[in-house]
Every structure is written in C-alpha cells, then in structure tokens.
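J.: Listed here are the chains, written in short residue letters.
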Amino acid sequence: MAKRIDAANVTAYYGAFKAIENINITVEPKTVTALIGPSGCGKSTFLRSINRMHEVLPGARVEGSLTIDGQDIYHRDVDVTAVRRTIGMVFQRPNPFPTMSIFENVVAGLRLNGVKKKSILDEAAEKALRSANLWDEVKDRLGKPGAGLSGGQQQRLCIARTIAVEPQVVLMDEPCSALDPISTLAIEDLMFQLKDKFTIIIVTHNMQQAARVSDRTAFFSIEKTGDPGRLIEYDNTQKIFSNPSQKKTEDYITGRFG
Amino acid sequence: MTTTLTSHRPRPPAQPPTLRARRLPKWLPPAVALGALLVAAAIVYGAGIGGPVLVVVVGALLYLVGLFAAANAVEGRRSARNRTWSALIHSAFVLAVLPLASVVWTLVTKGLERFDVNFFLTSMNNIGARDPQGGAYHAIVGTLIQVGIAALITIPIGILCAIYVVEYGRGRFAFAIRFFVDVMTGIPSIVSGLFVLAFWVLVVSPYFSSTGRPGFSGFAAALALSVLMLPTVVRSTEEMLRLVPAPLREGAYALGVPKWKTILRVVLPTALPGIVTGVMLAIARAAGETAPVLLVAGGGAAINFNPFENNQSSLALFVYQQAGDASRYAPARAWTAALTLVALVLVLTVAAKLLARRNRLGR
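As you go down the protein sequences, you meet chains R and G in turn.
Residue 129 in numbering that gives the first Met the number 0 sits at position 130 of the first sequence, with consecutive numbering throughout.
Residue 176 in numbering that gives the first Met the number 0 sits at position 177 of the second sequence, with consecutive numbering throughout.
The set of hints was computed from the structure by calculation and includes no laboratory data.
Among these hints, one or two may not hold up.
Stated by the list, open to error - Chain R stretches covered by chain G per the calculated footprint, using a threshold of three residues with CB under 8 Å from any CB of chain G:
#	region
1	49 to 63
2	74 to 84
3	100 to 113
4	212 to 222
Said to hold, decoys possible - One-sided and incomplete, this derived list gives chain G residues near chain R with beta-carbon spacing under 7 Å:
#	residue
5	R22
6	L247
7	G250
8	A253
9	L254
10	G255
11	V256
12	P257
13	K260
14	V265
15	P268
16	T269
17	G273
Claimed, not checked - Chain R is nowhere near these chain G residues, computed Cβ spacing over 10 Å in every case:
#	residue
18	A20
19	P24
20	A59
21	R82
22	S90
23	A175
24	P246
25	R248
26	L271
27	I302
28	V341
Note that beta-carbon positions come from the ideal geometry of N, C-alpha and C, so glycine has one too.
So that you can see chain R by itself, here it is in the shape it has in the complex (with noise of 0.2 Å):
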C-alpha cells in the first residue's frame, strides 16, 4: 500500500520565478517524512509536485525527475488525476466541500472517479471515517454539511476524505497550522496510526511537531529573497534535532535563524 519517493534534481518554477532548485530526496514507504524550513523557502512548492498540484497555477511548471516506485510522474503518457488519485493531499485549511453532506464529503472522491453502489460507499465512508477518528463523533450526523463541524473535525473530514480514495502517500500542507493544540494532538496520533499503510510527507512549521511525529526530517532554507530554495539537510529526525551536521540547520533548529 506505501509506496517509495525518488526525487531527483527537481527545481519547480511559477512562470520566471525559480522557487526551488535541484531537490534530491529519497522517502522510505511507511515513513513520516517531515519538511521544515522557514517561509517561503520552497516546501510547500515541493510537496505540491509530488502530486502535480503545482502545475494546476498559471505558469507553474517542474523540472527534474520524480519517479514513485521506479515510475515517472512526470512522464508525458502519466494520467494526472491517476496520480492524484495514488498521492493523495491535505490543505492548509480544511477545504469540505460546503454543498456536501458529512458523507458526501468522505466519498467524495470514490462517488466523482465512479462509484455508485451504495453499500460500497457505505462501507468506504466508515472505514475511513474511523481511520480518521472521527467515526464516533459524526456518525449520528453523516447526513448533516460538513462545513458545520468544528475546525478540527473538519480537518480530519478532510484527512478521511482523502483516504477514502485509498492513496500510497499522503502529503500533508501545514494541517495543523489553522487547528488548536487539541485537534492537533488527535491529528497526530491519527498520523502515527497512518504511518502503517501510508507513506507520510508533512510540511510543517512547527518544529516540535516535526521532532515528534517524522522519522525522517528534511530541512529546506534560501539565501536571500527572491533566490530558489534549496535543501539543506535530510537525515533521520532525531539526528537533525539533537546533532545536524551543516550550521544553517542548527542555527534554525536552535531559533538563532528564520
């Protein structure tokens, strides 16, 4: 069900502006793979290429290779919704669908790519659902809008949404940023019980969360505004936060920089 990432030299521009350059990474399947760095250094740009969100801005194109089992995303006869649909994405903010049931949301993506039959989607909505932990709290309401749960419920509506489609990774954009400690807790823990089917790639700006949740960390940084971001530094997570090996990394991780 994971799948493994090979990401080679890949550098992602929004029309003339270069926002990353030749990022090599590699991400075990199963993993938690953390992606910090300060604003505007390029992570959420490299997250949103590993599933081709990048390209849907006007302008926006990748360079380089990023292959997802040996197989090239970026190969000219890849269906994008195909990879999509295989690397699935969490937002910022959660996004229901505001004309959509608690239900209709889950399925969503099963419903839109052609399923019909309601015992599948029955079936489908609560697995994910309780993968999500959010079963016990909306199952007496699935009829009712999404948009009517609170932030954080709405998160992990979102979180069992994407699921749902049964993807091999699951990239994460800051998920926790808009959600209180609370609801971040409970999507973290979700995050550890993920972990056993999912590969994981998070990006987020909280360094605690990194140190607690990934197994792998990756550090992004830029020189000066307006240069490509670049990556510094991707080693496990408890080396990068007790003993990094590059300056800029640890006078990040110490607060001295960004």
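Using the hints provided, position chain G relative to the given structure of chain R.
T.: Showing chain G alone in chain R's frame:
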C-alpha cells in the same frame, strides 16, 4: 535590535477617563423634526411658494441643521456629525424606496380593476373599441414562450461561456470574449431587434416558413431576447465562479477528480445560488422588453401557440399597445397587464431561488 522603549510609551490621555458623556434626551430628535416641519410649513405657505412636497424637503433640511446644532451643543462635534450622517443615510434609503413603493402601489391600485378571470382567459381577438371585455391570454402565452425559448438558448450557452472564461480560457482569446461580452451588455434592445429582423426574419425565415416568404414569429423575438440576456448571464456566472475558493478546486483535484468533473460537481453547485440570481435578472429584463418583440414578432390580437409561424404578442408589447389605444377600456387592460408582468417575474424569481437554495442539507 536595540529599540528605545520610551519613544513608544503611550501618552497619557488628554482628558480624564470618564466613559460617560452628556447625551441628547430621547424626545429631542423627534421634537426637532416636528419643529422643523412646522417652521418649513410656515415658510412655504407663508411665502406661497409651494405645497406639501416642498414642506417635507425644506423640513428635512431644517431637521438636519437643527439636529447638528442641538447635538453639537450638548454632545460635541463627533457625535453631532455621527447623528447628521445617520440621518442623511436614512433619508437616502427612504428616497430610494419611495419610487419603488410608489410603483407597486400604482400598479396594484390601477391593475386590480381588470384583474379578473376574463382577463386571463380571453385574448383581444374580435374585441372592438366599445367592448369592455378582452384580456391578455395571448400576451401571457407569448411572453412565456418567448422568454422560455430565450432562456433555453441563453442559459446553457451563457454558463458554458463563463466556465470557459474562468476555468479554461488563457490569453488573448478569453480576453477577447470578456471584452465582447462587455460590449454586448451595452447593446440597446432595439438594435438587437433590428439585428434579428435583418438576419433571421428577412434572410433565414423564408427557408423555414410554409409560404416561402419572410414572416414574423415568436422564435425571432426569442432570438432577439437571447442577444440581450446572454451578456448578463455570462457576466454574472463568471463573477460567481470566480468567487468559488481555489482550495475547493484543489481539494477535488487532489482526490484524483478530473477537471471537468470538479467543475460540474463541486464548482457549479457551490456557485449555483448566485448563478440563479444572475439568470433571473436576465429573464426579468427580457420579459420586460417591448421593442424587439414589436419589431420581429409583430404583436397580434389572437392566441398563437406556435412560436415558429405568425405574429405573437407579449405582455410588455400588450401594455404598450393598450396604453396607446383609443378605447376607453384599454388603459385598465394595460395596467392589469403590467401588474401581471411584475407578478410573473416575481413568482419566477421566488420559485428559482427556492429551488437553488444552498442548504438543502439543513443544519
């Protein structure tokens, strides 16, 4: 970073920190208003320069001045300005509502005279100048058919066009479409009528008519109305689609949903209430158009259910013709037709809004 904190220290308040201030007594503003009206009446009637309307206008101005003076004396300048501006804003609201209320009142009082069964079940066929009977059945049928066809043509084209401009269009072509839609918004209705007259009625319709000669038809009127409705539908749909937050689209893309399905199942439902409002505005405008119908459908006294052959009337055209008719019974028919037209648009709008309510889910 060595900032001197002393320079940012808040200054002590200039006045003692009392939270209470003197206020005008509650009875004073109405009293000022009454006084202003009395003074205005004295001035206007004393000088013999006008009637009650001028009294109200002068009274309102005096009220604003008096209120400002009184508040300034008791409460201070800021509060006086606040009161005066509030009064001005409320007067503006009254001024804006006045014509609307007046229109509704006139329509209802004058339109009720012929608001009877006979009006809705008979046409003007064989109704002479001395005949008090006669109705707008044929005109109601005409309006419904013409506006219905125009809506059938416009809504799909308009919404698809807006989707293209917002979701797919890049560069010059999309820009050109937006520009020409803007230009189309300014087309006078008589010009659209002339266009359809020259293009459809005179050139194309002979190929379709049984006699082989050009002829008026309700369909031609529907075409002219479409030309008028299209820009409104495109622009309002476009604005509504732009309001749909980008994260919703990205959320759907990230689930592996293709773009067309995202638009159809996520973007359009989210924007639906706004789109419906825009469409209803376009329909209301089209239903009230007289000139194009006169030019290309010709009007007529008889009922005609066939939009493709022969003359057809419409409510707006019926109002125009009856209002200019020499018969002493015609004005009443015109008023009732006008009332019917307004009621029809209102009913359609309310029905459409109910159907498109966002929260069919309930909370």
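J.: Hint numbers the structure violates, sorted upward?
T.: Hints 4, 5, 17, 24, 25, 26 not satisfied by this model.
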